[in-house]
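Below, each chain spelled out in residue letters.
Protein chains: 2
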Amino acid sequence: MSPVRFYFDFTSSFSYIAIQKIDDLVARYGRTADWRAVSLGHVFQAQGVAPPPMVPKKFAYLEIDFPRSCAFAGLLCKMPTPFPPEVKLARVVFWYLKARDEQRAHAFARDVSLAVFGYGKSVATPADIGAFLPEMSVTEIAAAGADAAAKAAVLAALPEAQADGMIGAPFMVVDGEPFWGADRLDQLAARLAQPR
Amino acid sequence: MSPVRFYFDFTSSFSYIAIQKIDDLVARYGRTADWRAVSLGHVFQAQGVAPPPMVPKKFAYLEIDFPRSCAFAGLLCKMPTPFPPEVKLARVVFWYLKARDEQRAHAFARDVSLAVFGYGKSVATPADIGAFLPEMSVTEIAAAGADAAAKAAVLAALPEAQADGMIGAPFMVVDGEPFWGADRLDQLAARLAQPR
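Just so you know, the sequences run in chain order P and Y. Going left to right, the first sequence walks through residues 8 to 203 as the working numbering numbers them. Going left to right, the second sequence walks through residues 8 to 203 as the working numbering numbers them.
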């Protein structure tokens with residue numbers, strides 16, 4: 008069985024919920040997930056639509072809906088200030104880690120997103136990121152954030168996401184079938200539970 | 008306890024799911040719902056955003072996600088052609104009925120939305136609508152569709168919806184707290200289950 012493809016962005020509030028849940032969820036059905044950090048801003052740009060949080064009434068709703076959705080999912084919640092948070096370094100470091108150890112990259116992403124949306128902390132600097140990577144020095148983290156292959160991987164993820172029909176985050180693909188949103192994890196589980 | 012305010016549009020695919028579920032759901036918690044048919048196109052226009060189904064990639068996703076969501080909710084599904092469907096008459100007749108009998112208006116709305124999104128049928132003409140209102144002649148339905156008070160009620164619903172923060176449909180308000188989308192019915196139920 009092929010891995011579930013999992014697109015997310017560290018700036019995306021609802022990606023946080025899926026990031027915390029997806030590996031346990033797919034494991035219950037004998038699957039693994041192939042994680043891909045993307046720049047959601049670029050996905051919206053390619054569609055010619057405004058990022059939903061940038062529409063004032065949508066942001067006002069998000070400020071009610073997102074904490075409620077986190078509580079419903081049993082997760083901590085604190086909206087980061089400023090929003091959207093600065094995540095460029097975390098995104099590149101994710102791909103740097105993924106090239107070396109897929110599972111280490113997942114654990115890193117869980118820690119980063121919990122810091123950002125669970126505790127409202129900054130992950131902008133190598134020192135911030137250092138809290139989640141005790142095995143690396145701040146200098147090594149800064150170097151990972153400038154790694155040419157990792158930066159290329161960030162860019163390469165975008166056309167793949169678009170080819171998969173990504174329209175927002177989180178976005179999951181199960182054997183070609185797309186699921187958009189943390190609120191589709193239940194339907195994704197039902198899909199994985201079906202006999203093939 | 009005040010009624011749950013329930014905004015919907017007959018053109019909205021996910022309103023169909025909420026229309027079929029909301030009365031039974033709120034009744035389980037000793038509540039009633041106050042239903043309001045609105046023109047979702049005008050809600051989007053006021054926000055300055057494109058209706059999501061008009062964004063090609065979003066429509067492509069809707070064509071997968073909506074039938075799957077209906078099946079998940081135990082509902083029939085057939086996307087109407089053309090989309091969006093013509094529902095102006097049904098909207099005015101809803102308000103005509105609501106002014107006379109709130110529950111009759113709900114049953115009418117359930118039948119209309121089942122015809123449109125369950126069977127993909129047209130509800131454009133008085134004869135189409137007649138199938139759901141055996142107690143009225145086609146001439147009476149046409150007259151109800153031109154009723155001045157009912158037409159005024161359609162227009163009056165829009166600023167109320169906007170004041171409640173409506174950003175899409177279906178949109179529910181419980182004691183001032185907003186819930187957007189058929190995929191928030193579970194959180195709405197959890198809210199109603201809370202002691203007050």
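By construction, these hints were calculated from the structure, which means they are not laboratory data. It is possible that part of the hints are untrue.
[Stated by the list, open to error] Coverage of chain P stretches by chain Y, computed from C-beta distances (three or more under 8 Å per stretch; other residues unrestricted):
#1 49-57
#2 62-72
#3 80-93
#4 188-194
Even glycine gets a Cβ: it sits at the ideal position worked out from N, Cα and C.
These are the hints, each one checked on the structure:
| no. | hint | in the structure |
| --- | --- | --- |
| 1 | 49-57 | holds (count 4) |
| 2 | 62-72 | holds (count 7) |
| 3 | 80-93 | violated (count 0) |
| 4 | 188-194 | holds (count 5) |
The structure shown violates just one earlier hint, number 3.
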